[in-house]
Every structure is written in structure tokens, then in C-alpha cells.
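J.: Protein chains in written order, with the numbering used here: chain G, 67 to 344; chain C, 810 to 977.
Please keep in mind that the hints were generated in silico from the structure rather than gathered at the bench. A portion of the hints provided could be inaccurate.
[Unchecked claim] Okay, derived cross-link-like pairs now, DSS-like style, lysine-lysine, Cα gap no bigger than 25 Å in a straight line:
| # | chain 1 | residue 1 | chain 2 | residue 2 |
| --- | --- | --- | --- | --- |
| 1 | C | Lys-813 | G | Lys-76 |
| 2 | G | Lys-311 | G | Lys-288 |
| 3 | C | Lys-897 | C | Lys-813 |
| 4 | G | Lys-74 | C | Lys-902 |
| 5 | G | Lys-76 | C | Lys-897 |
| 6 | G | Lys-137 | G | Lys-147 |
| 7 | C | Lys-897 | G | Lys-74 |
| 8 | G | Lys-74 | C | Lys-813 |
| 9 | C | Lys-813 | C | Lys-902 |
[Said to hold, decoys possible] Which chain C residues stay away from chain G? Per the calculated CB distances, all over 10 Å, these:
| # | residue |
| --- | --- |
| 10 | Phe-815 |
| 11 | Phe-830 |
| 12 | Pro-838 |
| 13 | Phe-865 |
| 14 | Leu-879 |
| 15 | Gly-898 |
| 16 | Lys-902 |
| 17 | Glu-903 |
| 18 | Ser-904 |
| 19 | Pro-906 |
| 20 | Phe-913 |
| 21 | Ile-918 |
| 22 | Met-956 |
| 23 | Leu-958 |
| 24 | Val-961 |
| 25 | Ser-966 |
[Claimed, not checked] Chain G is nowhere near these chain C residues, computed Cβ spacing over 10 Å in every case:
| # | residue |
| --- | --- |
| 26 | Met-810 |
| 27 | Leu-875 |
| 28 | Phe-905 |
| 29 | Val-930 |
| 30 | Arg-933 |
| 31 | Lys-947 |
| 32 | Ala-954 |
| 33 | Ile-960 |
| 34 | Pro-967 |
Ideal Cβ placement from N, Cα and C applies to all residues, glycine included.
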Amino acid sequence: MEFFNNFKFKFIVALLLILVSVLIINILDLDFYIVTWLENGIYNILSPFFNILDSTGNYLSGIYQSFFQSKELLQKNQRLKEELSEQILINLSLNEVAQENRRMREIYNLDSALIEDLDLLGTRITGQAPSSWEQRVMINRGSNQGVKERLPVICFNGYLAGKIINTGVNSSQVMMANDPDFSVGGRVSRESSRASGVVRGQPGENQQLIMERINWDADINKGDLIITSGISDQYPRGLPIGEVKEVFSDNFGLSQSAYIDYRIGNQDLEEVLIILGF
Amino acid sequence: MRQKAFYILILFLVIILQVTFFAGLPASPYGPDLILIVVFTAGFVSGSQTGLGIGFLAGFIQGILLGSGLGLYVITRMLMGAAASLLKGNVYKESFPLLSVILFFVTFIHELLIFLLSEQVILRISFQTALLNKFIPKSFYNMLAGMLLYIVMIYLSPAGGYQDEKAS
Numbered sequence: 067m068e069f070f071n072n073f074k075f076k077f078i079v080a081l082l083l084i085l086v087s088v089l090i091i092n093i094l095d096l097d098f099y100i101v102t103w104l105e106n107g108i109y110n111i112l113s114p115f116f117n118i119l120d121s122t123g124n125y126l127s128g129i130y131q132s133f134f135q136s137k138e139l140l141q142k143n144q145r146l147k148e149e150l151s152e153q154i155l156i157n158l159s160l161n162e163v164a165q166e167n168r169r170m171r172e173i174y175n176l177d178s179a180l181i182e183d184l185d186l187l188g189t190r191i192t193g194q195a196p197s198s199w200e201q202r203v204m205i206n207r208g209s210n211q212g213v214k215e216r217l218p219v220i221c222f223n224g225y226l227a228g229k230i231i232n233t234g235v236n237s238s239q240v241m242m243a244n245d246p247d248f249s250v251g252g253r254v255s256r257e258s259s260r261a262s263g264v265v266r267g268q269p270g271e272n273q274q275l276i277m278e279r280i281n282w283d284a285d286i287n288k289g290d291l292i293i294t295s296g297i298s299d300q301y302p303r304g305l306p307i308g309e310v311k312e313v314f315s316d317n318f319g320l321s322q323s324a325y326i327d328y329r330i331g332n333q334d335l336e337e338v339l340i341i342l343g344f
Numbered sequence: 810m811r812q813k814a815f816y817i818l819i820l821f822l823v824i825i826l827q828v829t830f831f832a833g834l835p836a837s838p839y840g841p842d843l844i845l846i847v848v849f850t851a852g853f854v855s856g857s858q859t860g861l862g863i864g865f866l867a868g869f870i871q872g873i874l875l876g877s878g879l880g881l882y883v884i885t886r887m888l889m890g891a892a893a894s895l896l897k898g899n900v901y902k903e904s905f906p907l908l909s910v911i912l913f914f915v916t917f918i919h920e921l922l923i924f925l926l927s928e929q930v931i932l933r934i935s936f937q938t939a940l941l942n943k944f945i946p947k948s949f950y951n952m953l954a955g956m957l958l959y960i961v962m963i964y965l966s967p968a969g970g971y972q973d974e975k976a977s
């Protein structure tokens, strides 16, 4: 009887109760207002520190670059100017094709399939969430700037980076495409093939995604570009995801899967674009 | 009380550094998991109550930063804080070589718990791959980086750390 009044016994019972409660909350995915309120409060208190540290680091790196790397910066600037004029020419010819495409679609009464008039918001990555398996980053734009949960996020080269999972006042969290929880409908971008499947992040693989549930006889090859299928209304159709690295038979030959090269490393990313509307 | 305030302050500093500075290093996929070191030190030096409290706070904040709040990290960090308190009085605070080995195994067990409790991980990656690509390199890296933080914490810790539980 004395054992049950023992401090250690009470302590172990309390610990077990807390652990079981947390486990149940997790398994049943329960949402308590007070916990959500507390989470948002703590996140809004912490995020300015990440923003300040990021801005300070950025400022110091700017000073360093202006002093010691001015020659490289001038060369880079010149190269970018040349690339920009090249891109302007390509863009002009693409606009012509897009207009022609739009006219044809109007003639045949087809829905628009173009990524046009995207409402984009540029943002800086201020930090990476500490985790063993999850790939999540923090950005310095939040609900004050019109950011909402589930909005798609892309890199400056247009490749899909991830989606917004949580927003604070001036900061948000992005689940990267290589996170194990991430999934998006993908499609082969080739004239002779429209094979589709589900693209997901892989645990422990930062630079590789997996495309699953591809038809067993679908035409998909190494080097094919995979784009978002647009089947769900969360992502615009046609955002590039990555190139196929390897195709293999899955589910005892009932379907195919493919490894996709995902070169957007979280460490290399500095800025991303949020698609506010499409 | 001073001791608990010290751990909370260190925890916040470590979280900010881990999210910003350490996330930009080339070895960032392997950690270091300095938050675990703070929880371990709190449990080991100040006992079970402090270890559990700091473990809960660390897991909760980490969950918030991952967008899940009361997530699996609350469970694993609390367990680690409680487990570390079992070593209190059995291992000297200054036995650095022995503590290095302990830190290796603490990180290893923590990673194993996360692996076992994460359905998106355990069902999609083999144990062998996780062991070779994650558990061992991360435990080794955390042992090295964690020992530095542990030594700093021990020397900065107010009155060596034992007074809290004696008072209670």
C-alpha cells in the first residue's frame, strides 16, 4: 500500500497519463482551441527572432560581398543581363504561341490549361524546422501579406517547392515537396505520353521524389519531365516537378513507380514564390 | 527555479540557432540535435521533474515549428528527459568520455523512437537504410557537437545544477 503512495509511483502514473494523452491526440488528430491558440501565440513570438537573425546574416553577407566579391558580382550581373535579354526574346515568341493556343481553345470551347496570370508573392526562407525526417522551412511572409494554408510554393525557376501548412502573422511554414507527408498529382510532360501518378516525398531522401501508381503499361521513360497534373484544385496544372531518374515495376507488376530527380535542396534555397491565386 | 529558467533560456537560444545557423550547414540532414542535448542535460543534472518539464517544452516548441504542435516530439523528448534523470547520481557530471558514449546512445534511442512512431517513415523505409543513413551518422555527429554544448551548459549552469531537486 505504501508503494502506491510513493512519490515515484505517482510520478510514473502522471508521466504515463501525459504520454498516452499526447499519443491519443496525435492518433485521432484532435484539435483543441486552447492548444491551437497557444501554438499560434508561441509561433508568432518565436518567428520574429528567425526573421531578425536571417536579416542580420543577410546584411552581413551583403557587406562582405560588396567588399570582397565586387568583381564577381559585376560579372554575374553582366551574365544575368545577357540571360535576361535572351529570356525576353523567348518570352515574346512564347506569348505568340500562347495567344494562338488561346484562340484555338476558344474555337473548340476548351477550358484554359495555361498557367497564366499567377498572383505571386516573393519571400525569403528564414529557417528550417528541426527534425529528423520532415522537410519544412519557414518564410518571412504570413497572414498579413495574404498568405493562407495550402497555397502552392514554387522556386524562382518555376519548379514546385511545396505548400504552405501553417501561417503566422508575418511568417509561415512550408512543407517541401521532399517531405514524407507531401503528395501531389503528377503527369509526364511529353507529346506522346500523358502518363500520370502520385508524386510523394521519400523519407531520408532529400534530392529524390517517388511517383507511384502509374499504370503498368504507361509510357514513361528516364529523362521525362514530370509536371503537376492539376487534378486537384490545390495546384495549377503544368508546374514542373522534376525529371524521371529511374522507372521500375511495382506492386508485383500491377503498376509502375519512378524516382524523380528533385534538385531543390532545402539548404540551397534562399527565396521562393507563393502562388496566391491561379 | 534559477536552474529551470537557465534551461528555458538555453533551450530558446538553441532552437533559434538550430533553425537558422545549423540548418544552413552542409551536414544539416544529420543534425546536430542540440535540443535533445538540452533536454538530456536538464534531466541528468537537475532530475526527473526538470527533465520532463524541459522535455515537454522542447517537444511542444519543436512540434509548433513543424506545424504539428502536440506531436511525437513531445513524447520522445519527455521520455528522454525522464530517462536521463535515471543517470543522476550514477554518473559523474565531469565523466566526459563516458557521457560521450551515453550521448551517442541517447541520440540513437531517440531516433529509433521517432522512426517507430512515425507512420510515414516506418512503412516506407527499411530499418537497415535508416540505421546506416540516419541513426549512426546522426548519433555520432550529435555526440561530438552535443558534448561541446553539454560542457558549456555545465560550466554556465548556476551552482552546478543540483540545488533544485534538493530544495523540492
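J.: Holds or violated: C:Lys-897 and C:Lys-813, Cα atoms, limit 25 Å.
T.: Holds, because 16 Å separates the two Cα atoms, which is no more than 25 Å.
J.: Regarding the assertion that C:Val-930 does not contact chain G, is the least Cβ-Cβ distance greater than 10 Å?
T.: Since the minimum Cβ distance to chain G is about 4 Å, C:Val-930 lies within 10 Å and the statement is violated.
J.: Taking the minimum C-beta separation from C:Leu-879 to chain G, is that value above 10 Å?
T.: 5 Å, violated
J.: Does C:Ser-904 clear chain G by more than 10 Å, comparing its Cβ with all Cβ atoms of that chain?
T.: 25 Å, holds
J.: If we take the beta carbon of C:Phe-865, is the closest beta carbon in chain G still more than 10 Å away?
T.: 8 Å, violated
J.: Please check whether the beta-carbon of C:Leu-958 is more than 10 Å away from every beta-carbon in chain G.
T.: 14 Å, holds
J.: Is the nearest Cβ of chain G still more than 10 Å from the Cβ of C:Phe-830?
T.: 8 Å, violated
J.: Decide, holds or violated, for the assertion that all CB atoms of chain G are farther than 10 Å from the CB of C:Arg-933.
T.: 6 Å, violated
J.: Going by Cβ atoms, does C:Leu-875 stay more than 10 Å from chain G at every point?
T.: With a cut-off of 10 Å, C:Leu-875 comes too close to chain G, as the shortest Cβ separation is near 5 Å.
J.: Report holds if the minimum CB distance from C:Phe-815 to chain G is greater than 10 Å, and violated otherwise.
T.: For C:Phe-815, whose nearest Cβ neighbour in chain G is about 19 Å away, the distance exceeds 10 Å, so it holds.
J.: Could you grab the alpha-carbon distance between G:Lys-74 and C:Lys-813 and see if it respects the 25 Å cut-off?
T.: 21 Å, holds
J.: Was C:Ala-954 rightly flagged as not at the interface, with every chain G Cβ beyond 10 Å?
T.: C:Ala-954 is indeed farther than 10 Å from all Cβ atoms of chain G, at 13 Å.
When each numbered hint is compared with the structure, violations occur for hints 11, 12, 13, 14, 27, 29, 30, 31.
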